[in-house]
Amino acid sequence: MPQLDTDRLLPLDDRSRGIARDLYTSISNLPIISPHGHTEPAWFANNTPFANAAELFVVPDHYVFRMLVSQGIELDSLGVPRADGTTVEQDPRAIWALFAKNYHLFRGTPSQLWLDHSFEHVFGIREELSAETADDYYTHITNSLATPDFLPRALFDRFNIEALATTESALDELKWHKQLGDSDWQGRIITTYRPDAVVDPEFADFANNVAQLGSLTGCDTQTFSGYLQAHRLRRQFFKTMGATATDHGHASARTEDFPPEQASKLFEKALAGQCSAEEADAFRGHMLTEMARMSLDDGLIMQIHPGSARSHNHGVAATHGRDKGFDIPTRTEYVHALQPLLNAVGMEKSLTIIVFTLDETAFSRELAPLAGVYPALKLGPPWWFFDSYEGMRRFRETTTETCGFYNTAGFNDDTRAFCSIPARHDVARRVDCAYLATLVTTGRLREKDAIELAFELTYGLVKKAYRL
Amino acid sequence: MPQLDTDRLLPLDDRSRGIARDLYTSISNLPIISPHGHTEPAWFANNTPFANAAELFVVPDHYVFRMLVSQGIELDSLGVPRADGTTVEQDPRAIWALFAKNYHLFRGTPSQLWLDHSFEHVFGIREELSAETADDYYTHITNSLATPDFLPRALFDRFNIEALATTESALDELKWHKQLGDSDWQGRIITTYRPDAVVDPEFADFANNVAQLGSLTGCDTQTFSGYLQAHRLRRQFFKTMGATATDHGHASARTEDFPPEQASKLFEKALAGQCSAEEADAFRGHMLTEMARMSLDDGLIMQIHPGSARSHNHGVAATHGRDKGFDIPTRTEYVHALQPLLNAVGMEKSLTIIVFTLDETAFSRELAPLAGVYPALKLGPPWWFFDSYEGMRRFRETTTETCGFYNTAGFNDDTRAFCSIPARHDVARRVDCAYLATLVTTGRLREKDAIELAFELTYGLVKKAYRL
Amino acid sequence: MPQLDTDRLLPLDDRSRGIARDLYTSISNLPIISPHGHTEPAWFANNTPFANAAELFVVPDHYVFRMLVSQGIELDSLGVPRADGTTVEQDPRAIWALFAKNYHLFRGTPSQLWLDHSFEHVFGIREELSAETADDYYTHITNSLATPDFLPRALFDRFNIEALATTESALDELKWHKQLGDSDWQGRIITTYRPDAVVDPEFADFANNVAQLGSLTGCDTQTFSGYLQAHRLRRQFFKTMGATATDHGHASARTEDFPPEQASKLFEKALAGQCSAEEADAFRGHMLTEMARMSLDDGLIMQIHPGSARSHNHGVAATHGRDKGFDIPTRTEYVHALQPLLNAVGMEKSLTIIVFTLDETAFSRELAPLAGVYPALKLGPPWWFFDSYEGMRRFRETTTETCGFYNTAGFNDDTRAFCSIPARHDVARRVDCAYLATLVTTGRLREKDAIELAFELTYGLVKKAYRL
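Chains as they are written, first to last, in my numbering: chain A, 1 to 468; chain B, 1 to 468; chain C, 1 to 468.
Treat the hints as calculated values from the structure; they're not laboratory data. Among the hints, erroneous ones may be present.
[Unchecked claim] Just so you have them, the derived chain C footprint on chain B, three or more residues with Cβ under 8 Å:
| no. | segment |
| --- | --- |
| 1 | 146-159 |
| 2 | 246-257 |
| 3 | 370-377 |
| 4 | 386-400 |
[Claimed, not checked] Restricting the straight-line Cα-Cα distance to at most 30 Å, the calculated cross-link-like pairs of lysine-lysine (DSSO-like) are:
| no. | chain 1 | residue 1 | chain 2 | residue 2 |
| --- | --- | --- | --- | --- |
| 5 | B | K349 | C | K101 |
| 6 | A | K175 | A | K239 |
| 7 | A | K101 | C | K463 |
| 8 | B | K101 | A | K463 |
| 9 | C | K175 | C | K239 |
| 10 | A | K464 | B | K101 |
| 11 | A | K101 | C | K448 |
| 12 | A | K448 | B | K464 |
| 13 | C | K349 | A | K101 |
| 14 | A | K101 | C | K464 |
| 15 | A | K349 | B | K464 |
| 16 | C | K101 | B | K448 |
| 17 | B | K464 | C | K101 |
Keep in mind it's a predicted model, so treat the numbers as computed, not measured. Where a beta carbon is used, it is the ideal one built from N, C-alpha and C, also for glycine.
With the hints as extra help, turn the sequences into a complete structure.
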C-alpha cells in the first residue's frame with residue numbers, strides 16, 4: 001500500500017481539486033532548481049556512498065532530532081556529535097530504532113511528509129515506519145546506499161536537479177567545487193558567498209578571519225578600503241565557482257548606510273575587538289549596504305535571512321555546539337530596518353535582494369508592501385519552520401494580494417537533508433497549485449493564467465531571480 | 001465571454017455556496033454608503049468628463065503604479081506628475097499601453113478584481129485587457145468618458161450611491177461642497193474634517209496653518225483655548241457641508257490626556273517650532289483626546305487611521321512627492337496607546353470612535369477585545385492593503401468571536417479611484433456573505449440571523465455608525 | 001427544533017466531514033478532565049442550589065457582560081456588584097430580560113455556542129432565546145435549579161467530569177476542599193497553587209501577605225530562605241488537597257535567574273515596599289524560576305499565563321473592581337523572556353511547564369519552536385478570547401507543524417461558568433476532530449493515527465501533562 005496519497009495537499013472540493021491536479025500534472029516533472037541550501041559539495045565531488053540510514057536521516061537533521069529532544073531523548077543517544085568530537089551512541093542501528101519507535105511524534109509535521117516521501121520514492125518502501133518495521137527499514141536503506149544507484153551523483157540525477165547551490169564561508173577554498181568543475185560529471189553544483197565570519201565583529205576570531213581574507217586576496221584588510229576590495233575579489237572567486245548569490249544571516253534586519261569615514265572607524269574598532277554590541281550591530285548593518293553596492297557591480301543577487309536567536313540553550317551550545325535545534329525565531333522588524341539599504345539602492349532595477357522571514361506577521365504588514373513597490377526587493381519563500389503546507393499557504397494568502405506573484409522568487413529548500421529535496425519541492429508545487437486552483441474557483445484568477453503561473457512559481461521565477 | 005465569475009468569492013462547498021448566493025442576492029442591490037474616501041468633490045460639482053482611460057485608471061491609482069514600479073517601470077513613464085509639476089510621459093495612450101502590457105502583474109490581486117469589474121460593469125468590455133487589446137480598450141473607454149452617461153454625476157447615480165464622503169483639510173474652504181449644495185443635483189456628497197495640518201506640529205507650515213485657522217474662524221489661535229475654539233467653529237462649518245465625521249491619520253495610535261496647562265505649553269512650543277519629536281508626538285496624541293471631547297459635544301464621529309510609515313523612499317519623495325505608493329504599514333500598538341483616550345471618554349455611549357489598522361495582528365489581540373467592551377469604540381473595516389478577499393476574511397475570522405458583528409462599522413472604500421467604488425463594495429458584500437454562510441453551515445449561526453446580518457453588514461451598521 | 005446542528009464545527013466537504021464525525025463519535029463520550037479553571041469549590045462542598053438564571057449565566061460571566069457593556073448597557077443594570085458591595089439592579093428577572101433582548105449581540109461568538117449548548121443540553125430548552133422567550137426561559141431555568149437534578153454535585157456527575165481543578169491563593173485555607181475530602185461524595189475537585197499575592201511586590205498588601213504566609217507555615221518569611229521554605233511547605237499543603245499544578249499570571253513572560261544574594265536583596269526591598277517597577281518585575285521573573293525549581297522537587301506542574309493588561313479602564317476598576325471585562329491582551333515576547341528559566345531548568349525531563357498566550361502571533365514564531373525542542377515545555381490550549389472555533393483552528397494550524405501534537409497539553413476550559421464546561425470541551429473536541437480529519441483528507445495523516453490522536457487530544461495528553 002502506498003504511503004502517500006497521490007492527491008495530497010490538494011484542495012478538498014471537487015472542482016478545485018480537479019483544477020489543482022491538472023496544474024500539478026503540468027509542472028510536476030519540471031527539473032528542480034535549488035538555489036539555496038546546505039548540502040555538502042564533497043558528497044558530489046567524491047561521490048562516495050552515504051554511510052547508513054541513521055547517518056542519512058537522523059544524525060544531521062535538526063528537524064528530526066529537535067523533536068526527539070523535546071520529548072526527553074538525549075542528543076547523545078541520537079549520535080549527534082559533541083562539540084569535543086565525542087559521540088556517546090555509536091551504533092547507527094540503535095539510533096535508527098530509537099527514531100523509529102518515536103516516529104509518532106512527527107504526525108502532522110512536514111518532517112513526516114518529507115520522510116515518508118523519501119522512504120517511498122527514493123527507497124521504494126511501502127510499509128510504514130514503526131518500532132516493528134525499524135530493523136527492516138534500516139537494513140533496506142543501508143544496503144541500498146551501498147549500491148551505485150544511490151551514490152550522491154546518481155541520486156542528484158534521479159532527483160532531476162538542474163542546479164543546486166551550496167553555501168560556503170567567504171574563507172572557504174572551494175576545493176570541492178573546483179574538483180567538481182574539473183570532473184567530467186555534468187551536475188551543476190554552485191557555491192554561494194556567505195561572509196558572516198568576516199562581516200560580523202562578534203563572530204569567533206573576527207580579526208583573524210579578516211586577516212585571512214587578506215591573505216587569500218592579497219589585499220590589505222587592515223584598512224577599510226582594502227577590506228572592501230578583498231570582498232570584491234573574493235566574490236569574483238566565488239563567481240568562478242558558479243556563485244550567483246550571496247547570503248547573509250544576521251540576528252535582525254538592521255541595515256545602515258554610514259559615510260565612509262564612520263564605517264571605516266567602526267571597522268577599526270571591530271578589528272581591535274573594541275566594538276560595543278550596538279557598534280557591532282551597526283557595522284553588520286552597514287556591511288549589508290556595502291554588499292548590495294558590490295552586487296550592483298558584480299551582479300550577485302543578495303539574500304537576507306534575519307530573525308533567528310541562535311543557540312537559545314547555553315548548556316546544549318556548550319556540549320553540542322551550534323545548529324542543534326535551539327535556534328528560535330524572534331519578532332523581526334523590516335520597515336525601518338531596511339530603510340537605509342532601500343534608500344541607498346532599493347530603486348535599482350538591476351539589483352535583486354531576496355528577503356526571508358521567520359516572523360510571519362511581517363508578510364502582510366511589511367514585506368509584501370515593500371516588495372510591492374521597490375524594484376530591487378523580492379520575497380523569498382517561507383523559510384525553515386514555515387517550509388510546510390500551512391506556512392506556504394499563509395505565505396501566499398498574506399503576500400499575493402499586495403505584491404502579486406511576480407515579486408516572489410520561487411521555492412528553495414534550504415536543506416542539508418539531501419533526500420528531502422524532491423519531497424520539499426513537491427510540497428511547494430502542490431501547495432502552490434492548490435492555491436492557484438482556489439483562486440480560479442473563487443473567481444480571482446483565470447484558469448489559463450493559473451497554468452502560466454504554475455510554471456512561473458515552480459521554475460520561471462526562481463531561475464530569473466537567482467540568474468540561473 | 002464575461003470577465004467575472006458570477007459566483008466569485010463565494011464558498012466552495014455546495015451548501016455554503018448556495019446559502020451565500022441567497023444572502024448576496026438579498027443585499028446586492030442595496031445602495032452604496034461610502035462614508036470615507038478620497039474622491040474629488042470638484043468632479044461632481046463641475047460634472048466635466050474624465051479625460052481618458054489612463055487618467056482614470058492608472059495615473060491617480062497608487063495601487064496600480066506601485067505594482068508597476070516594483071517591476072522596474074518608472075513613475076515618469078506612467079505619467080505620474082513630479083513634485084515640480086513636470087510630467088515626462090504626456091501621451092495617455094502610451095501610458096495605457098504600458099499598463100496593459102504589464103497587466104499580468106496584477107494576477108491574484110484585488111486591483112485586478114476591481115479593474116476587471118470596472119471594465120465589464122462600467123464600460124461593458126467583455127474581452128480581457130492585454131497588450132493586444134490595449135488600444136481598443138483605450139479608445140472604447142476614452143470615447144465613453146466623453147458621453148453624458150459617463151459624466152461623474154451620471155456614474156454616481158448609476159453606481160447607486162446613497163451618500164459619499166470626501167475628505168478635506170480643516171483649512172479647506174469647501175467651495176465644491178458649497179457649489180454642490182447650491183446645485184439642483186440630488187447626489188449626497190459630504191465632507192469630512194481632517195485636521196492633520198493644524199494638529200501635527202511636524203506638518204509643513206504648522207504655525208502658518210494655525211494662523212490661517214485663526215483667520216478662517218476669527219479666533220485667536222495663538223492661545224490654546226482660542227485654538228480649541230477655532231476647531232470647534234471649523235467643525236461646525238464642516239457640519240454645514242454635511243460632515244458627520246472627522247478623520248485622523250497619525251503615525252501611531254498614541255493618545256494622551258494632559259492637564260490643560262501642560263497641553264497649552266506643548267502648543268506654545270509647537271507654534272514656536274520648538275517641539276522635539278517626542279513632544280510633537282505627545283501633542284498629536286493629546287489632540288486626539290481633545291477632538292474626542294469635541295465629538296461628544298457636536299456629534300461628529302471620530303476616525304483614527306494609524307500605522308503607516310509615509311514616504312519610505314526619500315528619493316521618490318523628493319522627485320514625486322507624497323502618496324506615491326511608498327507608504328508602508330508598521331507594527332502598531334493599541335492597548336496602551338489608546339488608554340488615555342479611552343479612560344477619558346471610552347465609556348461614553350453617545351460617542352463613536354472608529355479605529356482602523358494596517359497591522360492585522362492587532363485585530364484578535366487588541367482591537368476586538370477593546371471594541372468588545374468599550375461603548376465608544378467600533379472597528380473600522382480592513383483598510384488599504386487589507387481591502388481584499390483575504391484581508392476581509394481574516395478580519396471577520398479574527399474579530400467576530402470576540403466583539404461580534406455589532407461592534408463593527410460596515411464597509412468603506414477609502415478610495416480616490418471612483419470607478420472602483422462599486423467593485424470594492426461588491427467584494428465586501430460577497431466576502432461577508434461567504435463568511436456568514438460558512439458560519440451557518442458549521443452550525444455557528446442560524447440562517448435567519450445570517451439574513452439579518454447580511455443587511456446590517458452592508459447597510460445598517462455603516463449608516464448607524466456614521467450617523468448617515 | 002434543536003438549537004444546535006449535530007454536525008456543528010465539522011469540515012464542509014463530505015469526505016472530511018464523514019471522517020471528522022467518526023473521530024468525534026469515538027471520543028465524544030470520554031470523561032471531561034478540567035485541569036485549570038475558576039469554579040467555586042464551595043458549590044460542591046455545600047451542594048446548595050444555584051440561585052436563578054441571571055445569577056447562573058449573566059452576573060458572573062465576563063464574556064457576557066462585557067459584550068453588553070460594549071453596546072452601552074450598564075454593569076449596574078446587569079446586577080454586577082460594585083466594589084463597595086452595592087448592586088443597583090436587584091431583580092434577576094429584569095437582568096435576564098435585558099440580556100435576552102440583546103442576545104443578538106452574541107451572534108457568531110463562542111458565548112452563543114456555549115449558552116445555546118447549555119440551554120439545550122443542560123436545561124432541555126429547544127426554543128431560541130429572545131425578548132419573546134425571555135420570561136419562559138427565566139422561569140424554566142430558575143425552577144430547574146431548585147430541583148435535585150440541578151444541584152452542583154448532580155450536574156458535576158451529569159457532565160461526566162473525571163477531575164476538576166479550582167484555583168486558590170497561596171494564602172487560602174482550602175476549607176472547601178477539606179470539607180469535600182471529608183465528605184462521602186466521590187467527585188474529584190482539586191486545588192491549584194496560585195501564589196500571585198505573595199510573589200508580586202506590586203500586589204495589594206504584599207508585605208502583609210508574606211507575613212501571613214509565615215504564620216500559615218511557621219517559617220520566618222522575613223528572610224528569603226524562610227520565604228522560599230514557606231512556599232515549599234504551602235505547596236505541600238496544596239498537594240494534600242489534590243493539587244498537581246501551580247499557576248502564574250504575570251503581565252509579561254519575563255523570567256530571571258539571579259544569584260541568591262541578588263534575589264535576596266530584591267526580596268528585602270519588596271518587603272520594605274521599596275521596589276521600583278522594574279525591580280518588582282525582576283523579582284516576579286526570578287520567582288518563576290524558583291517555582292520551577294520547587295516543581296522539580298515536588299512534582300507540581302507549572303502553568304504560566306502572561307500577557308493581559310488588567311483593568312484597562314480606571315473608572316470601571318474604581319466602581320466595580322477587578323475582572324470586569326476590561327482585561328486586554330497585549331503583545332507578548334517569549335524567546336528572550338523565558339530564556340533564563342529555560343536555561344536553568346528547560347532540559348529537565350521530569351519537569352512540565354505549560355505556557356499560554358493571548359498573543360497568537362507567538363504560536364508559530366516563538367512558542368511552537370520552543371516547545372518543539374525543550375523537554376520541560378508544553379503548549380497550553382488557546383486561552384480566553386481564543387477558546388473558540390477560530391482560535392483553536394489557528395492554534396493547531398500554527399503549532400502542529402513545528403512541535404507536533406505531543407508537545408501540547410490537551411484542552412482546559414479556564415472558566416467560572418460551570419454550565420459552560422461541557423459546551424467548551426465539546427467545542428474543543430469537535431475542532432480537533434475537524435482538524436485531524438482535514439489532515440487525513442489532505443494526505444498529511446493516516447486515518448488510524450487520527451483515531452489515536454483524537455483520544456490523545458481529548459483525554460490522554462491532558463492527564464499526562466497534569467499528572468491526573
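Worksheet item: Can you list which hints this structure breaks, lowest number first?
Response: 1, 2, 12, 15
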